[in-house]
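Reassemble the complex: the two chains are provided individually, in unrelated frames, and hints are given to aid placement.
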Amino acid sequence: MAQKKGFPMPLEVEYPKELEGWEEMYPPMYMFSKDRKVWEEKHFWFHDKIHAPEAMYPLDLIFHEAWQISLSQYTTRVFCIPPAQGIAQRMVGCYMYITPVSPPPGEIIQEKAGLFQKRVFYVFDHYDELWGTWLKKFKALGEEMNSIKVPAEFPKFESDDTVLPEPRGYYTSYDVINAWDKLVDLMIKGWQYHFQYLNLAYLAYLMFADICRKLFPGLSESTIGKLVAGAYVQMFRPEEELCRLARLAAAVPAVSKILKNDIPADKKIESLRKTAEGNDWLVEYEKSKDPWFFVSCGSGWFHYEGSWTTKPEIPFGYLKGDIERIEKGEKIERDVPSIDKARAELAEEYRKLIKTDEDRKSFDDTYKAVRTIYKYAEDHLFWVEHWFHTIWFDKVREFGRLLVKSGMLKGVDDIYLFNRFEVPLIMEDMATTWALGEGVPSRFQYWQAKAEKRKKILEAAKKWNPMPGLGTPPEEIAEPFTVMLWGITTEKVQDWLKGMAVVPTEVTELKGFASSAGIVEGRVRVVKLLEEITKIQQGEILVCPTTNPAWAPVFTKIKASITDIGGLTSHAAIVCREYGVPSVTGTGIATSVLKTGDTVKVDGNTGIVKILKRA
Amino acid sequence: MPYTLWFDKAGKEAIGLVGGKNASLGELIKADIPVPPGFSVTTETYGEFLSGGGLKEKIESLLSKIDIQDVSSLENVSKVIRQLMAEATFSKRIEEEISFNYQALAQVVDVPDLPVAVRSSATAEDLPGASFAGQQDTFLWVQGNDEVLEKVKLCMASLFTPRAISYRIKMGFPHEKVLISVGVQKIVDARAAGVMFTLNPTNGDPSKVVIEGNWGLGETVVSGICNPDKFVVDKVTKEIGRTISLKECECIYDPVRGGVAHVDTPPERREIPCIEDQEILELARYAKRVEGYYGCPQDIEWAIDKQKPFPMNIFMVQSRPETIWSQQKKEPVLGKKSAYELLMEKALQRVKISS
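Top line first, the protein sequences correspond to chains C and A.
Start counting the first sequence at 149; every next residue gets the next number (the numbering used here).
Start counting the second sequence at 1178; every next residue gets the next number (the numbering used here).
Next up, chain A with everything else stripped away, as it sits in the complex (with noise of 0.2 Å):
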């Protein structure tokens, strides 16, 4: 059984082991779309890290205390079950495998203590606490053996945060039955990066690519905190429709402190497009292909490399189905109107012209 399995090694089949958005990275490199190389902590390890010190037996003893009718009561065991993991440690073997990966993915690349991301990858379907805002699954700019072990656990944690107890305690999905993977990967020093949808999320128009972007690590805009730039692609004459925003912040990594954070955006870089025309098209070319691979409108997270050259300097690092206009019956928009009936209303469209 593996505790870990590189990302080109596990795509959906392996979804039970990799959880949903490992897998999906799987997908994408199966797709010949770029992905920064990393690999995941599989839920075989989870397993084994909840066993090993009976804290398997703790955790669900700890759960059956909970009074769903009272909120700080599942909020004290959250955090003692947080808390427990955080001071648990993995087995020795676990341990040197995640820092055999570790070093390997760092050279690689070639970096000595090479930054990476450290998320969660969920096997149950739509988790909302997971994302939910505040609560970490993603950590940002790890850096060294014992720093990707502490956040591995931590991401390991995230199942438990009062959210997604709760979550499943309405739902009732058995709190064991529901498994945790974690994704290392190496992280984009992002010269500007953000997210895109293969359809216009606003009007639902499916020959649209809508990318967003801001400087810096995409964290601004995933979590909304700036406004992006806005481009607007045709998937078809590639046009570009563009709303360039004034962009105050920017997520970056900040060596003092070791790690990544807001800064105020220097002010001649505030309101000049993040990323240049060809980059567009390239991010909407890759966003058809993604959406063409998977058969469904896709919400993708990209990252573009402040050091490589374009092409080589454009990465997805994330992708899952769009689930606003994806879930609206396919009704025809027409009417199932023929030319006629449709030149008819056409014709009787009020006309106003004056005041």
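If we strip away everything but chain C, and leave its shape as in the complex, we get (with noise of 0.2 Å):
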């Protein structure tokens, strides 16, 4: 097999050896095997940063699993976007790769384009109603996950009422079987309702973001997004909601006095149930608590990122600083109104600068269509990937309770060292072991050991740093979701190509997307693991390989921010904009190029970042 100059293919990858036997965490058809060889060269596959950074645990997957086969079937079954098809993943070393797969033959293209207009068209026109009803729809799906019920323990006995007057039929056994079965339905499910709409939301604004270029052929991507970008977006809710609780508490000093004082935050909980103005202000935090403070600590896709439910800490040290800045007699909140007016201004001084009224007619009716399903891209993420993945991890949680407590695992997180389709074997073997009555042993120990060995391994892969790319560098990219959401372009990939040379020692410059304007100088804190965002100091600048939504309080404290990974339109971009912190997105190689200590100089509006001095 010739080999381009460049990216190894995907079989060629060499592994450090403390990797050894990682392929067995991950589902078969994840490999990159000989039998598909000819198709997996053809493509070019990268490393997805935007959503898998890190090493991956097996049970952690499963979202990927969900999303890969969702995705995939709006683009090329069910809405049937006429050149596109779906999204490909593989594993490489605990590491995730995805690829966008080549383009139909032309008649299937013929075939789709007439069912696209029929069904998309439908869909932007209904969206309000649409918008309702999938809500409805998937806060019902949470509510059943979180109603499932997962058994502490396996009874010794079971008890009187499932045998008398009648039988129940089916017992503990079947009780943890089922439940893990259903909580695994679910996911899966959730994420068929993710992608309802996202593939359209994402078309219609490559289509406005054609069309203003049309307009304005210098229009910047970042100025693009600001015209999309709505205000009113449910991923601020939690900060909002801590805004309200915190002027609540401000207004009683009783209950802002406890919320003040550096105790953990049960104890405060504690306090504030011994007097009425503390339960009255505690009823109002469990208000805002469901839904709104299930919400990730990370971005939702690792179960070691815990919730805002999980770490009250967290939660509690932004309701400190509010109510301190409260009474300092500075604002707290987002000013909503204002940044909508801002938005809605500098669409009206575009839209004057146009020069016939037949384009401002197709402007203003391109720019409703946008705005409209556009909203479903920034609305759904705090429901399906914090809402309901932190009804998720609570309810695995559970289940690594039983698995500790019938002494299959040792530690509760345990059970995310094996993939979903392994989990169901160790269920089995703790019911049947159960079931068998006194003195059978299970194969915990096998179990164990295979958790103290995946263990070492994603140890040893968090320290091997994969390369960008694999397979064919592609010639262009045009796929929307890899342009829009990934960020990935067809100067990007030559970049790393570049960069693959590259030492990183002797990098000065990086060149990324401009995603949010604004010049700053200052020192660097690089955070590869989410939950060292919280070693952050005031006025830092974060480097990460990806920002979130979720850090928003973060951005408060930080100048600037510089991911490897990460278009225009990436979560990240809108917040970093919103909080007029100057950001540069998809720089490939800033995680690794940069370390904590450095000095940089950061230009939002050129993508530049300059090395100043080198810690």
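Derived by calculation from the structure, the hints in this document are not laboratory data.
The reader is advised that the hints may include incorrect statements.
Computed Cβ-Cβ distance ranges for the label pairs, DEER-style [what the hints assert, rightly or not]:
hint, chain 1, residue 1, chain 2, residue 2, range
1, C, K611, A, I1402, 18 to 28 Å
2, A, G1472, C, G154, 50 to 60 Å
3, A, S1515, C, A492, 18 to 28 Å
Heads up, the beta-carbon is just placed ideally off N, CA and C, and yes, glycines get one too.
What follows is the structure in structure tokens.
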């Protein structure tokens, strides 16, 4: 096989020996394989640093398995976007790689065009009501997941009421196996819903971007993003709820005093319970908590991130800061109406520059369409990746506790070391062992040994820096999701090719997307793992694989952000612009080139980061 | 009949007296745009200059001898006419009035022998010869009464360059109907200068102001002898796109020669931007204002004074309608399509992802 200059072919990747055995953690269809070699080598595979920047725990792969199917089917089989196909995934040494599948034959494109026209325009015309029914359906799904009962333990004997007066007929063994199956089933279903309108939202965005560039050939991506971005986005609700609670607390000294204390969150709640005012405030807190504090501390894609409900120190920490700012007379809320007004004014100013009435009409028409449907891209995020995933993680943890209690695994989170097809085996082993009676051994030693081995592999994988791409570098990339969400363009791939030959210490300048305007200089904080986010100091420049809207309160602390991956409409870019934090996204190599303590100049107008001084 | 008119006293209504360029300076002043002070030597002056001493008759007879098939006859006649004009003298009254104004200008800014730019300002629109490369109708760094008078005369003579003459013959304009005015304007001792367009001339984008600039006087940018820095400013968001060129030469005042000269730019300044961000934004703001005032895209010359502090250091020295994009018919670029038609178009676009 003739190898083209640059990226290795998938089967030629060399792994550090510490990673030996990584393949068995993931389902077989996730492996690059000789039997699919010809097809695989024709495609270009890139590391998905947006959704899977870190070494993948086998059970966390479930979200990806679900989106691979769902995203792809809406493009290929449901709304039938004519020339586009799905996005395929593979695992490479614990990291996920994806590729946009090459276009279908011409006759399929024609067939899809007819279906597309019929189905898609209907959705645009009825979007507002469709969003209402979607949300209702999705909330019901989450409630259903939340209502799954996971037995806390296997009983020594089933209780009387399950036997008399009429035996229930199925018992804890079934409950456990069934509860797991149902949990997985609902997660897969939730992700089927996730893409219900998302592909259309992105397509509409790209169409609007196209017409903007026809009218104003030099209009920047970040401006197009600003024109489309909504101010009333559900992802901001958790923060808005915090502001509401902070205001309530600030008005009652007895409450604010407790919340400002430097004591753990549970102690604060305990103290609040002792007074009537405190209890009143707690009632409001509970109201906000479900659903709004079911927000992940990270992206929502990793079990170890936790949420504001599992890590109450985070919302309570923010509350303390907010109350103190209120007392100083500062404004803590985002000024939503004026953000929305600024967007409307921006649109009006460009509109005035359009030369003909016909073009103005096309612009108005398109702008209205994109503003209608793009809300979906912004609003689904909270409900799926945050609220729904938080419920999932809570439930999985209940299973984790049961497995520990039954002696199958050592740690609660060890369940995440097994993929979703393996977990039922452990469940069945556990249930069978219980059913067989006393003195019967399970294969716990086998499972625990596997868990230990996998922990070591994942640790080694975290230290391994995987290559950005594999396979045949494309001449051109135009697939909507690839460009929009991952920020992978033809130029980007060329840069990666250049970057592979680069020695990190010799780099003096990085180039990325000018995602949010402004120029600042400052000290860098590299955050590769999401839990390190708490280390960020006031006025530092955040450098990470990808930024995340759930970190919103951090954006008031940092001076600028630099990411490896992310287009101008990636979840993060919007937030950076709104907080007025300069941002350069999609540099490809920021986290491997920069070190905490380096001094850099970030130019969010040009997308250039200059390294001024090495730490 | 005025021999001279101050810029701020003569806008587009006085175009017959002061010519297009000078009238546009008057308009800029009305629009509150900072323009270096100066005055026009009117077409009346030109008329009187020609009538005095029988210059007019001599020129007419010379022009009638041109054989348009014969390039050398055109060039000979042109040369003789311009020689005649250079050697003729202004009447005492004209000389006095121009000198008086020049002195007044020098006094206003309190600089004796104030350096000025002397430029022709034609009344007939779009004489291509007037600014044809190599044919001088602009004199920079003119100092003192005598030199001002001499350069005013030479500017008037630029109406008889071979190209200007042949253009009029070809277009059937009677020579005697074309008049010329001359502007005498305080020169901006520029740290940097250049031109700007109120749309992007490369793609017609109406949401951009494109600024080109170099160190020193704007002459190097206008004549295109050096690669200027280029800044593309979004009119709405004020985002700035920058292309910093290697700027090897600049046009500055050379005290030894007593005039302007092209010199090598010192190495330390070659690769740094010639204007700062705040100056870029201020220029763009003026560009928008000028375009708004005229109601059509403009092509503007600007200069940034060496000595004055920001923002008083910024001046516009010329503005004229942009010609390339403005002449195109205003056709809709989106083909009168609805959102759904455009969406269908986008959805059908070829997707190419692997080689």
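**Asked** Which of the listed hints are broken here?
**Response** 1
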